[in-house]
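*Asks:* Spelled out, the chains give:
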Amino acid sequence: MNEIKVTSADEFDIRDWLRTDLMPHFMCPGCGHGIALRALLWACHELGIGKDRLAVVSGIGCSGRTGAYIDANTFHTTHGRPLAFATGLKLARPDLTVIVISGDGDSLAIGGNHLIHACRRNLDMTLVLLNNEVYGMTGGQVSPTTSAERFTTTTPAGNMEPVFDACKLAEGAGASFVGREATLQTPALKDLFKAAIAHKGFSLTEVISDCTEIFGRKNALGSSPEMVLKQKKVMIPAHTDNRVPEPFKPHPFETGVFVRQERPEYGEVYEALRARVREKGK
Amino acid sequence: MSTLQNIQGNAACAAGAIAAGCRFYAGYPITPSSEIAEQMAARLPKVGGTFIQMEDELGSMAATVGASLGGVKAMTATSGPGFSLKQENLGYAAMTETPCVIVNVMRGGPSTGLPTRPAQADIMQARWGTHGDHPIIVLAPHTVREIFEETIRAFNLAEALRVPVVVLYDETIGHLVETVDLTPPQPEDIVTRTFASGPAEDYLPYAAGEDMIPAFPRPGDGYRTHTTGLTHDERGFPTQDPQKVDAFMKRLLGKLERHAKMIEKTESVEVDDAQVLIVTMGTPARAAKTAIRQLRDEGIRAGLLRPVTLWPFPEAALRAAAKGKRAVLVPEMNAGQLILEVQRVLGGAAPVSGLNVFNGEPIAPQQIAQAVKELVK
Ligand SMILES: Cc1ncc(C[n+]2csc(CCOP(=O)(O)OP(=O)(O)O)c2C)c(N)n1
Ligand code: SF4
Ligand SMILES: [Mg+2]
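Top line first, the protein sequences correspond to chains C and E. Numbered by numbering that gives the first Met the number 0, the letters in the first sequence go through residues 0 to 281 in order. Numbered by numbering that gives the first Met the number 0, the letters in the second sequence go through residues 0 to 376 in order.
No lab work stands behind these hints, which were simulated from the structure alone. Source: prediction; values computed, not measured. All C-beta atoms in this analysis are idealised placements derived from N, C-alpha and C, irrespective of residue type, glycine included. Keep in mind that the hints are not guaranteed to be accurate.
What the hints assert, rightly or not - Residues from chain E that face chain C, not an exhaustive set, calculated with beta carbons under 8 angstroms:
id, residue
1, Leu57
2, Ala62
3, Ala73
4, His130
5, Tyr205
6, Thr227
Said to hold, decoys possible - What follows is a set of in silico ranges between Cβ atoms, one per label pair, in the way DEER data are often shown:
id, chain 1, residue 1, chain 2, residue 2, range
7, E, Thr30, C, Gly280, 49 to 59 angstroms
8, E, Pro80, C, Glu160, 55 to 65 angstroms
9, E, Arg343, C, Thr153, 54 to 64 angstroms
10, C, Lys199, E, Arg257, 23 to 33 angstroms
11, C, Glu278, E, Arg292, 46 to 56 angstroms
12, C, Arg259, E, Ala41, 27 to 37 angstroms
13, E, Lys249, C, Gln140, 46 to 56 angstroms
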């Protein structure tokens, strides 16, 4: 990484970081995932990460499909497994900056086991968990983060299952950096990504995204700006004691950095083990 | 200098992997394969490599492929239940043409089955376990020395052809201790994939020449390519264009045939004058060799054809070996899997019968001798 800069939104040209020949992209108008992608690349830009050394590993879902547009070494893996692929990649190639892009279904349902163990191990990589509380890619089924009573194609009478709080889960599993932001706060989201990528160890960044086209429509949440403004009402920025102004079906969510700890990083611990083993062998 | 040692099959597998240049192992413990993981955990850090015990077999296969995507030779080992879980990401390796080695030490199944008893009931799973048409190579050693050799060959083939390679043997050989020479191969006998070189401009990661094997773009070398399990074009990006899909699938499925000579390997024992041809692999092949000696002492001429490369199946070698034989016998520790392929290849050219044992006991030489005697009656 080179020097860390701070750039205004105007100064950052996302086209420098995209495979523009793949445009138009697949995302629906208003999809929160695209805003998150912009914030992520903006963070990479400010951190001065070289594109040749950047590895983006993604899972399956609309979230996972975003990785292909990044002009870097991109790996679109299998549903729920990007963290496990990334674990092998990072251990084999510690010189790469590894960022994992995943969805709420990808990381919290099918990939839940890989998630908790990645938090526990503390290998240096950043997970970008795009939480739109639905399975967007497969047409809008319920996910482990779908709010109570929300309609999805597999909860036609409203969701009755409790949700996972990804950040609490990650904290409990030992992640050394945990934070959450909403797409509506793009500069804050960029700063969260920056801090997470710069952090040595496993970082989980949960993005409150939105699936306008499917989830929004199904629950009559309005246009994308309307959805985002509704999110704002239930958002509690960290370290303030804002109350949620009005009852809104989705659970209130806090934003900010919740965990930031220095913990031995797995790759470094393993390198020390190699040295010990070699010393003994002499 | 020879390095004779008493060593167990699973340990010889780990020794072969290290000799082949394997520097990454991800696994999940399961009997009767765990010794491979234990050996790799001890050996890899000494040679600058990495061992990791993952949370399950889905993760260990993913991490293995992930390491190989980084340009490092990688392997995992397991047994039946774990082999089933590895199939998902084994398919990803086949689709993305990522070299890797998967060892399956076979135990009795289905399900948890007979964890400590030998079987050969994963012959078809090894070929067809993951969904979709896909290329795969399966090697079937039958001695401790051969486990060492075939593990090295597995890496060489995986690297040369950018394909997942399975090393398949049963519990008996995995736990068998033999005195073997584990002299490491000469450096020129170790194959490492060809990494992409040349200008990054207009580079096409999945464009292949005459040999049908594209060079591998190593991350960090400036190519910034995309790897996906979706069907992709020569640029590596998803496509549904029927022509491109067709061309891609034909290359993916055709590349092993193009290199058949490199892949094929069989062993023949006293086949030429045999009345009865025995076709088998692994532990039953050891029994067959003993049975052939006993039968010949009694004046009954039997011979053995043993696929060392099990998949792609040695069709031509089998046809040639079976020519003019009175009968073909296929002993196997399952309810009849290898026999299906033998029957298909011979297409009625010789009568084929099976000797199937699936009670957790290895097949004894006497059982094979008896079956041959019945056939020549
Ligand atoms: C093993 C497997 N099971 C199911 C699927 C089908 N599938 C594709 S994407 C997806 C859900 C994605 O949801 P999420 O992770 O929340 O991502 P989003 O599309 O919402 O961004 C599912 C179930 C699959 N591709 N693979
Ligand atoms: S379906 Fe939903 S998550 Fe997927 S691109 Fe459209 S809006 Fe985004
Ligand atoms: Mg989702």
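*Asks:* Now tell me, hint by hint, if it's right for this structure.
*Replies:* Results of checking the hints against the structure:
Hint status for Leu57 (chain E) relative to chain C: holds, with the closest Cβ pair at about 6 angstroms, below 8 angstroms. About 3 angstroms separates the beta-carbon of Ala62 (chain E) from the nearest beta-carbon of chain C, less than 8 angstroms, and the hint is met. For Ala73 (chain E), the interface hint holds, since its Cβ comes within 8 angstroms of a Cβ in chain C; the closest pair sits about 7 angstroms apart. Taken as an interface hint, His130 (chain E) does not check out: its beta carbon lies about 12 angstroms from the nearest beta carbon of chain C, beyond 8 angstroms.
Hint on Tyr205 (chain E) is violated. Least Cβ distance to chain C is approximately 14 angstroms, over the 8 angstroms limit. Interface restraint check: Thr227 (chain E) against chain C, minimum CB-CB distance 4 angstroms, threshold 8 angstroms, status holds. Here the CB-CB span from Thr30 (chain E) to Gly280 (chain C) is close to 29 angstroms, at odds with the stated 49 to 59 angstroms. Separated by about 29 angstroms at the C-beta atoms, Pro80 (chain E) and Glu160 (chain C) break the suggested range of 55 to 65 angstroms.
Range check, Arg343 (chain E) to Thr153 (chain C): about 43 angstroms between beta-carbon atoms, so the 54 to 64 angstroms window is missed. Hint check: Lys199 (chain C) to Arg257 (chain E), Cβ distance near 46 angstroms, so the stated range 23 to 33 angstroms is violated. Our hint of 46 to 56 angstroms for Glu278 (chain C) and Arg292 (chain E) holds, since their Cβ atoms are close to 52 angstroms apart. Distance hint check for Arg259 (chain C) and Ala41 (chain E): the Cβ-Cβ separation is about 36 angstroms, which falls inside the suggested range of 27 to 37 angstroms.
The beta-carbon spacing between Lys249 (chain E) and Gln140 (chain C), approximately 36 angstroms, falls outside the hinted interval of 46 to 56 angstroms.
Taken one by one, the earlier hints fail for this structure at numbers 4, 5, 7, 8, 9, 10 and 13, listed in ascending order.
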